[in-house]
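**Student:** Here is how the chains run, residue by residue.
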Amino acid sequence: MKDKLYRLALRLLLNGHDAEDVVQEVMIRLWSRREEWGRWQSLEAYCMTAVKNGCLDLLRKRQLRPVREEGAMDVNSHDKDPQEKMIAKETFIQIRKCMDELPQHQQLVIQLREVEGFSYNEIAEVLGISLDQVKVNLFRARSAIKKSITQTESSWKENR
Amino acid sequence: MEREQVVQLLEKYWQAETTVEEEKMLAEYFRGADVPLEWESYRDIFSFYAQEAEVKPGKELEERIMERVRPRPRLGAAWWGAAAVIVLGLGLSLYQRDKPTMKDTYSDPQQALAAVQKALLIASKNMNKGLHPLK
Numbered sequence: 001m002k003d004k005l006y007r008l009a010l011r012l013l014l015n016g017h018d019a020e021d022v023v024q025e026v027m028i029r030l031w032s033r034r035e036e037w038g039r040w041q042s043l044e045a046y047c048m049t050a051v052k053n054g055c056l057d058l059l060r061k062r063q064l065r066p067v068r069e070e071g072a073m074d075v076n077s078h079d080k081d082p083q084e085k086m087i088a089k090e091t092f093i094q095i096r097k098c099m100d101e102l103p104q105h106q107q108l109v110i111q112l113r114e115v116e117g118f119s120y121n122e123i124a125e126v127l128g129i130s131l132d133q134v135k136v137n138l139f140r141a142r143s144a145i146k147k148s149i150t151q152t153e154s155s156w157k158e159n160r
Numbered sequence: 001m002e003r004e005q006v007v008q009l010l011e012k013y014w015q016a017e018t019t020v021e022e023e024k025m026l027a028e029y030f031r032g033a034d035v036p037l038e039w040e041s042y043r044d045i046f047s048f049y050a051q052e053a054e055v056k057p058g059k060e061l062e063e064r065i066m067e068r069v070r071p072r073p074r075l076g077a078a079w080w081g082a083a084a085v086i087v088l089g090l091g092l093s094l095y096q097r098d099k100p101t102m103k104d105t106y107s108d109p110q111q112a113l114a115a116v117q118k119a120l121l122i123a124s125k126n127m128n129k130g131l132h133p134l135k
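Residue numbers (our numbering), protein chains in the order written: chain C, 1 to 160; chain Z, 1 to 135.
Isolated chain C (complex conformation):
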């Protein structure tokens, strides 16, 4: 679970150190309230919400937009040839950039759905929004990412 919490924090804060701090705080708070666990519907949803809120508080306190830290963009080396790998890297950077620029709710919905495979119900619970809002956010985010990547692809091909 802590990996999921970390990825969510990282999505919002774009900084590994801050993300780890928020996760640590949430886990310790969770531990101190362990007598109450039985009464909660979903421990995971509770923690995800706590991490989300912790991150938003931190961002609000700093009055800053998150800035992606250097070196956070290493690309997995799949069994592709170098040229293909480079293109993949280009598109990955493009997707990441697009995600970073999405409105917060769309970012969160994409993170929870595409990366963590949460159901609409789970996402609605974590974010405290309605099912319709989950769907609308997901639809917009997917469209934005599709648009950004198909544009890059075509411009890249034209430039060749």
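These are calculated hints, taken from the structure and not from any lab test. It is possible that part of the hints are untrue.
[Said to hold, decoys possible] No farther apart than 25 Å at their CA atoms in a straight line, the calculated lysine-lysine pairs in the DSS-like style are these:
| hint | chain 1 | residue 1 | chain 2 | residue 2 |
| --- | --- | --- | --- | --- |
| 1 | C | Lys135 | Z | Lys103 |
| 2 | C | Lys4 | Z | Lys56 |
| 3 | C | Lys146 | Z | Lys103 |
| 4 | C | Lys89 | C | Lys146 |
| 5 | C | Lys147 | Z | Lys24 |
| 6 | C | Lys2 | C | Lys61 |
| 7 | C | Lys135 | C | Lys97 |
| 8 | Z | Lys103 | C | Lys4 |
| 9 | C | Lys4 | C | Lys61 |
[What the hints assert, rightly or not] Residues of chain C clear of chain Z, computed beta-carbon distances all greater than 10 Å:
| hint | residue |
| --- | --- |
| 10 | Ser42 |
| 11 | Glu101 |
| 12 | Arg113 |
| 13 | Leu127 |
| 14 | Ile145 |
Ideal Cβ positions, reconstructed from N, Cα and C, are used throughout, including at glycine.
Mind docking chain Z on chain C? Use the hints.
**Tutor:** Relative to chain C, chain Z alone:
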């Protein structure tokens, strides 16, 4: 998966109509080797998400958390109570032991009275000494 099915699923996917299961099928398909060139960018999107799902915090995070939640050997209230009782009891017994105890010096009342009168006489004699005016 047949091409026709992929087209349908993709259509639903962009409309945010797919279920988690169907999205898993799509991801599985795009992980495969026979993805046509026209869908190359879609494959990148799915492999990007797959890569994001592999991101993990540093090893030290877990250690730091465990360090903070590990139950330290702390004495509970009951133990503190027991310790207080022991200390108190010990102190009391030491006090009792060192306290000077009264002992009778004479067994015969007459003798005792004589001794007291003698002592008082000596004391009053000495007290009267200083009463004579200085010469």
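**Student:** Determine for every hint whether it applies to the structure shown.
**Tutor:** Consistency of the hints with the structure:
| no. | hint | result |
| --- | --- | --- |
| 1 | C/Lys135 <-> Z/Lys103 | 97 Å, violated |
| 2 | C/Lys4 <-> Z/Lys56 | 8 Å, holds |
| 3 | C/Lys146 <-> Z/Lys103 | 105 Å, violated |
| 4 | C/Lys89 <-> C/Lys146 | 16 Å, holds |
| 5 | C/Lys147 <-> Z/Lys24 | 22 Å, holds |
| 6 | C/Lys2 <-> C/Lys61 | 24 Å, holds |
| 7 | C/Lys135 <-> C/Lys97 | 22 Å, holds |
| 8 | Z/Lys103 <-> C/Lys4 | 82 Å, violated |
| 9 | C/Lys4 <-> C/Lys61 | 24 Å, holds |
| 10 | Ser42 | 16 Å, holds |
| 11 | Glu101 | 15 Å, holds |
| 12 | Arg113 | 8 Å, violated |
| 13 | Leu127 | 15 Å, holds |
| 14 | Ile145 | 6 Å, violated |
Figure legend: structure checked against the earlier numbered hints; hints not met, in rising order: 1, 3, 8, 12 and 14.
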